[in-house]
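Asker: Each chain, letter by letter, is given below.
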Amino acid sequence: MLRYALRRFLSLTLSLVAASLVVFAIIEVIPGDPAAFMLGLNAAPEAVAALRAELGLDQGLVARYLDWASGMLRGDFGVSYTYRTPVAEIVADRLWVSVPLAIYALSLSTLIAIPVGILAAASRGRAPDLAVIGLTQLGIAVPNFWFAMLLVIVFAIGLGWFSAGGFPGWQDGLLPGLKALTLPAIALALPQASILARVMRSALIDTLGEDFVRTARAKGLSQGQALRRHALRNALIPVLTIIGLQFSFLLAGAIIIENVFFLPGLGRLVFQAIAQRDLIVVESVVMLLVFAVILVTFLVDLAYAAVDPRLRRRG
Amino acid sequence: MRALILGGALAAVFVAAALLSLVWTPGDVAAVDIGNRLKPPGWPHLLGTDHLGRDMVAMTMAGARVSIAVALVAVGIGMGLGVPLGLAAAAARGGWLDEAIMRGNDLVFAFPSLVIAILITAVFGPSAVNAIIAIGIFNIPVFARVTRGAALSLWTREFIKAARVAGKERMRISVEHILPNVANLLIVQGTIQFSLGILAEAGLSYVGLGAQPPTPSWGRMLAEAQTMFAFAPHLALVPGLSIVLTVLGLNLMGDGLRDYLDPRLRRVRA
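Protein chains in written order, with this note's numbering: chain S, 1 to 315; chain W, 1 to 270.
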């Protein structure tokens, strides 16, 4: 297991280096001068020269990459051009909205999808199963930001249960913050829950057809007992993989939902940064998101190998 | 079979509307008519008008054109580059080329299409073309993986071994024997990626990274509806339902095609 983990860790490191090279190449080696690009068409030449020096653009490419990459490793992402504060501070602030939102959405999606998937598999071919198949098909087809708009119409404007947007911060306690994140989390969770419920259903149906479940039934267990004690545990393996992968999708997906609800998270930050041509912020947020995806994939691989020893050997 | 027909019919309606919009729409999507703004659905504007008085049927048709074109070209990019890569990886199974292609795939997978779009937009500015590139790049590893996976199992089959014994080159076997046998799978995957592409285009245009004014697209119509849907809900409902129905149609079509083209799968999926 240790050897497998080390090998995966090496591959994680290589992926991160490769990803950072790609991000660096796209952002820093854009056609023309990044400093001129950031300041716009009407910038004075002195201002461009000053910004070039400030960004370290007078150094060579390799030196700039090493400087940037080693800075990121130390948690120093550089200084935002528009905010004039360290990017790490701004990003850390925004993470307090984006990460809780992703966790909230993931919890909702899991809490809905697993029972629904089990219900569908247990009643295969009958009305509840068909309803689940139909509803999840619909759930996958609905764009989450449109669903978010509908939620606002019904629950914020119509019923007045939630605010239509904005975030009060965590300083007033957990509840006001959670309340502000509830509609965005539901909007994010819907398509993910539909996917997860389908995976749960088909994994459970596959496992229910296995010999060991039939043996358990032959030993006198009821269908429900066999499902709970034997099938469910085995069916959860693919489900856990999908849950892991969904976290990074949710973090990236939150970028759009944050815009519907005017939440001060990473998504709003990155769009403001694009509009203001604050490339250092764009670069840092993108790298952070890619890091999250690679890290989660790594953790899912490890968890999978811990559960299923065959995978360790295959590596 | 029912899923295939129902899904195909749903998708066909919107594709037909998009094609028809090339020659005719009920009203000019570029003409502003403030006197007729925000009319609810009725006559003569069946689905109402938007904040500039443009007919929503015409807008939805023209929007379909952009959304479908972006998704379709993105699938084309994904297939055009992903399939040859997948075939080459399978032909060089276990070799350095296979390893390089698969690691490259993993790398692209680490960049969700939204993140690719953010990067491209930050540098080149937002446009429908950049949305196509972002979604297309995201599609490449999907097709490469599907092709490689299917091709690998084919390489162990008797008829391929026979072709090798007959002295055919690996590349020629890939094109003449492997490709036709993975085509069904690629059609099904293409349908799925097409529907994902429509959702992705809508999301990108909604946040301003896709089609730019005055080009209408479903995502942009939703973005414009954002501040007005409280008093004119049809502005959000019409493009939103168009997306849902098109994606639903394509997904049903994908499921139906899979069953139709490979009856063995019916047992597994049912």
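If you are wondering where the hints come from, they were derived from the structure by calculation, not from laboratory data.
It cannot be assumed that every hint is accurate.
Residues of chain W placed beyond 12 Å of chain S at every Cβ, according to the derived structure [said to hold, decoys possible]:
| hint | residue |
| --- | --- |
| 1 | V115 |
| 2 | L179 |
| 3 | L196 |
Derived DEER-like restraints, expressed as beta-carbon distance ranges [what the hints assert, rightly or not]:
| hint | chain 1 | residue 1 | chain 2 | residue 2 | range |
| --- | --- | --- | --- | --- | --- |
| 4 | W | R37 | S | W96 | 54 to 60 Å |
| 5 | S | L41 | W | L261 | 42 to 48 Å |
| 6 | S | S107 | W | R37 | 40 to 46 Å |
| 7 | W | D28 | S | W96 | 43 to 49 Å |
The C-beta atom is built at its ideal place from N, Cα and C for all residues, glycine as well.
Asker: It remains to establish, for every hint, whether it holds in the given structure.
Answerer: Tested hints:
no.: 1; hint: V115; in the structure: 5 Å, violated
no.: 2; hint: L179; in the structure: 28 Å, holds
no.: 3; hint: L196; in the structure: 10 Å, violated
no.: 4; hint: R37/W x W96/S: 54 to 60 Å; in the structure: 41 Å, violated
no.: 5; hint: L41/S x L261/W: 42 to 48 Å; in the structure: 54 Å, violated
no.: 6; hint: S107/S x R37/W: 40 to 46 Å; in the structure: 43 Å, holds
no.: 7; hint: D28/W x W96/S: 43 to 49 Å; in the structure: 48 Å, holds
In the structure shown, a violation is registered for the earlier hints numbered 1, 3, 4, 5, in ascending order.
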